[in-house]
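Protein chains: 4
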Amino acid sequence: MLQALLETLDRDARQRNDWGQVASYIPELASIDPAQFAISVCTVDGQEYHAGDVQVPFSIQSVSKVFTLALALGRLGGRLWERVGREPSGRAFNSIVQLEREQGIPRNPFINAGAIVTTDAVLGQRAPRETLGEILSFLREAADDSDVHINEYVARSEQRTGDRNYALAHFLRSCGNLHNDCDRALGTYFHHCAIEMTTVQLARAARFLCGGFRGHRMIGIERVRSINALMMTCGHYDGSGEFAYRVGFPGKSGVGGGIMAVVPNVASIAVWSPGLDQYGNSKQGTKALESLSKATGWSVFA
Amino acid sequence: MLQALLETLDRDARQRNDWGQVASYIPELASIDPAQFAISVCTVDGQEYHAGDVQVPFSIQSVSKVFTLALALGRLGGRLWERVGREPSGRAFNSIVQLEREQGIPRNPFINAGAIVTTDAVLGQRAPRETLGEILSFLREAADDSDVHINEYVARSEQRTGDRNYALAHFLRSCGNLHNDCDRALGTYFHHCAIEMTTVQLARAARFLCGGFRGHRMIGIERVRSINALMMTCGHYDGSGEFAYRVGFPGKSGVGGGIMAVVPNVASIAVWSPGLDQYGNSKQGTKALESLSKATGWSVFA
Amino acid sequence: MLQALLETLDRDARQRNDWGQVASYIPELASIDPAQFAISVCTVDGQEYHAGDVQVPFSIQSVSKVFTLALALGRLGGRLWERVGREPSGRAFNSIVQLEREQGIPRNPFINAGAIVTTDAVLGQRAPRETLGEILSFLREAADDSDVHINEYVARSEQRTGDRNYALAHFLRSCGNLHNDCDRALGTYFHHCAIEMTTVQLARAARFLCGGFRGHRMIGIERVRSINALMMTCGHYDGSGEFAYRVGFPGKSGVGGGIMAVVPNVASIAVWSPGLDQYGNSKQGTKALESLSKATGWSVFA
Amino acid sequence: MLQALLETLDRDARQRNDWGQVASYIPELASIDPAQFAISVCTVDGQEYHAGDVQVPFSIQSVSKVFTLALALGRLGGRLWERVGREPSGRAFNSIVQLEREQGIPRNPFINAGAIVTTDAVLGQRAPRETLGEILSFLREAADDSDVHINEYVARSEQRTGDRNYALAHFLRSCGNLHNDCDRALGTYFHHCAIEMTTVQLARAARFLCGGFRGHRMIGIERVRSINALMMTCGHYDGSGEFAYRVGFPGKSGVGGGIMAVVPNVASIAVWSPGLDQYGNSKQGTKALESLSKATGWSVFA
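Protein chains in written order, with this note's numbering: chain A, 75 to 376; chain B, 75 to 376; chain C, 75 to 376; chain D, 75 to 376.
Take these hints with a grain of salt, some might be off.
Identical copies carry no separate label here, and so any pair may be met within one copy or between two of them.
Using 20 Å as the maximum straight-line C-alpha spacing, the simulated SDA-like pairs for lysine to any residue come out as follows [to be verified]:
id, residue 1, residue 2
1, K368, R214
2, K368, G286
3, K368, G152
4, K368, D86
5, K368, N339
6, K368, R165
7, K368, P101
8, K368, V96
9, K368, G198
10, K368, L210
11, K368, E204
12, K368, R149
13, K368, R297
14, K368, R85
Calculated from the structure, these hints are not laboratory results.
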């Protein structure tokens, strides 16, 4: 029945044929065909359901911020919160306004500034290569799949066109909230954003945030709750309230069109469609999750 | 066991003896003894648990915004969202800055500006008296208790000192987003904020938002989820992310020191302690909910 | 020669036939024919030059703020600056954003919030009628003309539609920076903004700010310099820098299309054309002053 | 008499012994003794007057922005204003907030972001070395003195600690308003800010902005007026209105404690005292100019 539902969601997305705009700031993302859709669901009873372009790897972009956050909390624990807040931002994902108002403390770890600080915290005094190795290992273990890679072209393209992120990084550094130099922190940041996965891999990787999956207790339940809370209030930039309202369970979107979501104790989900809405979240991906929520009654809110 | 836990929470709050500041802008609130605490829990199996000053009525203030939202959604349905947003504000509860930036559309129904618009929507073209009657009836039915009243002194005191709210109302009106005149809309608003309840009454009143309580389906499940989502992302002003992170289930605070919360399908909760933290939320109330969440494992996030 | 120049300016304005938009927020201003132009110049040698619709009285609106400022400085001296700043605002004339950021201290006496505070200071504990009498007397003396009146229709129309100004006034009052109640302060404010004058009257009235006119030392030279400095940096809302750049001497505009300007020790000027540019300043009025400056070399900047 | 006055100003500054804080962000400026003062005046009749530490070269910092603006206007004419505005900013000199609000168009050429764009315009496609040579030549010719140099230590120190300026530059580039790369534009910017001059040299260099000096018509009178207008409305960051009010003629300050000022057709002035007020302008320098204005009656405002 869930399999049939996913197939319906896939067909509906293609029939609506209203894909939104793909991200245009780097050639690698701008050239992607928007008319693509994939959805994968892993339920806690060990079943998996897939529909659509589930074998196409896509750039997970900001979805990677969830994994670096998990690692940062592992390394620093609560001290991370001295450097980054836990509040929705009420601004665009790459706004620098808020950063000035709050003197270099990003509002949360999922806007760009906050993710740069989180990356800096994971880096510590290690080499970027070593840190990226740790991030990839974490992801591969979570996904039970060694075939997760960084797309070097995407990473370098981000670096070349990353002036807005460089502005954020230099601003953070001017406030004393970036310990590595800008090139080092951003190099690492751009690389983990350039990880590519399929929805199959991403839905599996999300199991550790769900609770209830055997053998996927990679982090403690307290931390799982913390990360899900942050995804719920801050996971979709300035569309986070809308997502909570329409979908009703935690998720994190990326500008590559992916969304990773979890229905606690029920299922982990990955959806992908590269066209974006005005907040930078996948248009058909969000729509599919809303329909899935309505059809299944999956919601944390009753 | 839950009874013992609530008694521990009550004792801990009193032992910490760190009560925060009571709201000082009107004499009726400023003169309240901060060293008070009460907590009430209704579980879906029909049990109730209480500890502390559970028979002391307090001013529910912004908690009332949840009930007017429920009524506004009943009257207007989705059209309400043409006049008010569903996003966390990233600002103080009474900020007018955001209102100017977004041209008179408040970010959500729980900041003051949004609650004034919501009140205006519930009013429609009716008399304030009739509208307040409807709000009280709704609350009394939800609480199964006819002894819920408006404190007229508090309402009038708010009106006398309400320049910031008058500023918001006139600004809304200048943007065409207030249909009643300012006195009429604010008169109604100040009165429903001045409703007084005990935690016993408030915990019972919250059952309709919980799901799972027999005989408390006052609104449809879709609407319950919507309201809980809004409480989760916007229920504690600029401390909403923090509350989601620390407590892990939806709630709405008031400047009188009350917090109404729901653990979907599990329990409805009311806590009260009049001293506030820097965001205007009950200091010991929040702390107690955090401890309750930790001790019981109640969380929507896993 | 100056006479010929003014006639050329008048003819040019009419030939360009590009009048801008008249203020639309009250019927009395919205219904004015934009295709009008008048200019009057008084030189320190006692000559006067006029061209265009110089006998048509117009609503001086914000130009009146210069006269209330002069009176406020006379009553309070430097203590006025504890309640209002002297910096350009970088915002629209009726913005409330800045007021929140600077906690109720308006940036300068020429934005609406600052002029409301200035009016409140001139009022003190007197009756509005008495205060308006003083303002009118001052203006009549400055203009050597008893035929200067308040248009009651305009004043009442402003009051009826003045929600934005009421929002500012209530906000100021919530910050403790409005001593009279909002109705009293705004009533006085709307009335002095509704004074009507011709360019002939207004150019004459401006002589006291020029220096060098015999018999027009109504205030000391120090205060003249102060007021001119404020007109230079803040006299045209968020177009003040532009006006200083293009015109090169101090002036104050009003939303009725009037501009009062002074070339220190040389001449006083009034120009009127009711169509406005995007900042709310007279479009053809500004253009005419720019041409006048170029043709005569009148500039304080060399 | 003017000589005696300057000596009094020098003595008064030293007697007040209230020097403000020297700029602390680079060691070269932080280590300067704040108890220094110098003032130089050149009058249009060819006389010069000096008092205080007039032979001590100091870092002119933002005062250099006036000269690069003159050169940029020479190269681009009015096209410069497509890339930078002419309005006071209402913000700190290095704020990035405004830049986001106005989508990469700095408010004026004297805040840091605007000066970086202006430097970029002067650079065009030339080498930084060549451009700096042109700036130095211009300054040496203006000052009639070949002994004007760049302090390389200061320039390099700025570059090392210039994260806030790098943030601005990258932000500008992300908006398409920086044509050279950040290192190239900022390298040039930091170097021209690191020019060192005495008040004698700087007062002489300012003659070209005064009008009335024989042989100092380096730029046309129209441009002189334009630059003076900008210095009047934007020359002292968020203290520009205050400076216009208290001093009454145009000037430009630098964080090294220097102020260059002109009384059109009367005199050019340089004052230096390294301690700063809260806006980043020389505390005793501003005070001395205010006293000078009062004592001489020099003011453009009457």
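Going through the hints against the structure:
1. Taking the shortest Cα distances, K368 and R214 never come within 20 Å of each other, neither inside one copy (32 Å) nor across copies (31 Å).
2. Taking identical chains as interchangeable, the C-alpha atoms of K368 and G286 lie at most 20 Å apart only when they sit on different chains, with a minimum of 18 Å there against 22 Å within one chain.
3. For a Cα distance limit of 20 Å, the shortest separation of K368 from G152 across copies, 16 Å, qualifies, whereas the shortest one inside one copy, 36 Å, does not.
4. Within a single copy, K368 and D86 get their C-alpha atoms as close as 15 Å, which meets the 20 Å cut-off; across copies the closest is 42 Å, which misses it.
5. Proximity of K368 to N339 under the C-alpha cut-off of 20 Å is found in both arrangements, the shortest distances being 18 Å within a copy and 17 Å between copies.
6. Taking the shortest Cα distances, K368 and R165 never come within 20 Å of each other, neither inside one copy (28 Å) nor across copies (32 Å).
7. With identical chains, the CA atoms of K368 and P101 are never at most 20 Å apart, being 36 Å at best within one copy and 47 Å at best between copies.
8. Proximity of K368 and V96 under a CA criterion of 20 Å is satisfied in neither setting, with 26 Å inside one chain copy and 42 Å between copies.
9. Within a single copy, K368 and G198 get their C-alpha atoms no closer than 43 Å, and across copies no closer than 31 Å, so neither meets the 20 Å cut-off.
10. In this homomeric assembly, K368 and L210 never come within 20 Å of each other (Cα to Cα): the closest approach is 34 Å inside a single copy and 32 Å across copies.
11. Taking CA atoms no more than 20 Å apart as the test, K368 paired with E204 passes in neither setting, with 43 Å inside one copy and 35 Å between copies.
12. For the homomeric pair K368 and R149, neither the shortest alpha-carbon distance inside one copy (38 Å) nor that between copies (22 Å) is at most 20 Å.
13. Proximity of K368 and R297 under a CA criterion of 20 Å is satisfied inter-copy only: 12 Å between copies versus 28 Å inside one chain copy.
14. Within a single copy, K368 and R85 get their C-alpha atoms as close as 17 Å, which meets the 20 Å cut-off; across copies the closest is 43 Å, which misses it.
Hint violations for this structure: numbers 1, 6, 7, 8, 9, 10, 11 and 12, all remaining hints satisfied.
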